[in-house]
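Trainee: Keeping the supplied structure of chain G fixed, place chain E upon it in accordance with the hints.
2 protein chains.
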Amino acid sequence: MPKIDINAAPVKTGSIYPEPYNGQMAGRRSQRLGEHAGLTQFGVNIVHLEAGAPASLRHWHLREDEFAMVLTGELVLVEDAGETVMRAGDCAAWQAGVPDAHRFINRSQAPASFLIVGSKAEEEEATYGDVDMKIHISGGKARFTYHDGSDWSGPRDLAASGIAPKGDSK
Amino acid sequence: MPKIDINAAPVKTGSIYPEPYNGQMAGRRSQRLGEHAGLTQFGVNIVHLEAGAPASLRHWHLREDEFAMVLTGELVLVEDAGETVMRAGDCAAWQAGVPDAHRFINRSQAPASFLIVGSKAEEEEATYGDVDMKIHISGGKARFTYHDGSDWSGPRDLAASGIAPKGDSK
Chain G
-13 MPKIDINAAP
-3 VKTGSIYPEP
7 YNGQMAGRRS
17 QRLGEHAGLT
27 QFGVNIVHLE
37 AGAPASLRHW
47 HLREDEFAMV
57 LTGELVLVED
67 AGETVMRAGD
77 CAAWQAGVPD
87 AHRFINRSQA
97 PASFLIVGSK
107 AEEEEATYGD
117 VDMKIHISGG
127 KARFTYHDGS
137 DWSGPRDLAA
147 SGIAPKGDSK
Chain E
-13 MPKIDINAAP
-3 VKTGSIYPEP
7 YNGQMAGRRS
17 QRLGEHAGLT
27 QFGVNIVHLE
37 AGAPASLRHW
47 HLREDEFAMV
57 LTGELVLVED
67 AGETVMRAGD
77 CAAWQAGVPD
87 AHRFINRSQA
97 PASFLIVGSK
107 AEEEEATYGD
117 VDMKIHISGG
127 KARFTYHDGS
137 DWSGPRDLAA
147 SGIAPKGDSK
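Chain order of the listed sequences is G and E.
Going by my numbering, the first sequence opens with residue -13, and the numbers climb by one from there.
Going by my numbering, the second sequence opens with residue -13, and the numbers climb by one from there.
Each hint should be verified, as a subset may be incorrect.
Note: identical chains are not told apart, hence a pair may lie in one copy or across any two.
Stated by the list, open to error - With a straight-line Cα cutoff of 30 Å, these simulated DSSO-like cross-link-like pairs (lysine-lysine) come out:
#1 120 - -11
#2 -11 - 106
#3 106 - 127
Calculated from the structure, these hints are not laboratory results.
This one's a predicted model, so the numbers in the text were calculated from it and none came from an experiment.
With the rest of the complex left out, here is chain G (with noise of 0.2 Å):
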């Protein structure tokens, strides 16, 4: 039976990113439907975002497009070029490789949710934005760099490492 049972899918809450980026992510929650229906080529879940909490850092990848769709509330899409506010039925997409880094935020006093599909690439890179991070995935395991590729050990801001920010850092 291919309906799926959302409240049945398997749910992640916070991050896999280091800390302090990992704190960042509270209020978070996603519903893994894609992984719990069997697919394997790309990716579905509905992330749910509280009042507040954002999806993840800014961020671009370097393999994988991206869509999403808003599906209930408002949500903030952060970009290079400024911020777009989002409701439900609102369509966003990312070409694979171009260096813009993007994010949802929710800015609303109410909760949130979008859909977000993705390409499973076997080996993958994403480069966020507004900090000097960048993630490795290979093989399912994920390794963090700066974006110099050397290894990451700590939180480093662009300015500090002579990466000019682009964009609302907000």
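Mentor: Chain E only, in chain G's frame:
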């Protein structure tokens, strides 16, 4: 600006099916969001069905995972095992290679719509569950055959071909 202007997305009506099947797809319209946003790794469409309209012939994909979420109205999901009524927020998913032919049909008195996501394999094959036809896609071109792989040259029902139909063929 990755927010998608949904009304600017290309709209497709009808199907690529040969007649008489193409004529059975009246009342179907698809907004090609993923293509509009430049995504290449998976397709994302919003399909609108008038009262009575089906989204497709009942089919299953050999190599491509699929995911759907009902957005508005009420749809019926038809599979080998029977029918499931689905409403806004209900989701379904189909793993590549599982031979359970499925389709949505709008049996209600009002329009309905759903979001559909599917991987884009280089070479793809889909088998129709209620009629003796398969589609083979290669290099962006479609070719229709009977289930036995011989060239399709006109409608042939499954019983006449000695294939036992499964499930509900309404």
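Trainee: Please sort residue -11 with residue 106 into within, between, both or neither, judging by C-alpha distance up to 30 Å.
Mentor: both (22 Å within a copy, 22 Å between copies)
Trainee: Please sort residue 106 with residue 127 into within, between, both or neither, judging by C-alpha distance up to 30 Å.
Mentor: Both: 13 Å inside a chain and 25 Å across chains, each within 30 Å.
Trainee: With identical chains, the pair residue 120 and residue -11 could be close in the same copy or across copies; at 30 Å between alpha carbons, which is it: within, between, both, or neither?
Mentor: between (36 Å within a copy, 24 Å between copies)
Comparing the model with each numbered hint stated earlier shows that all of them hold.
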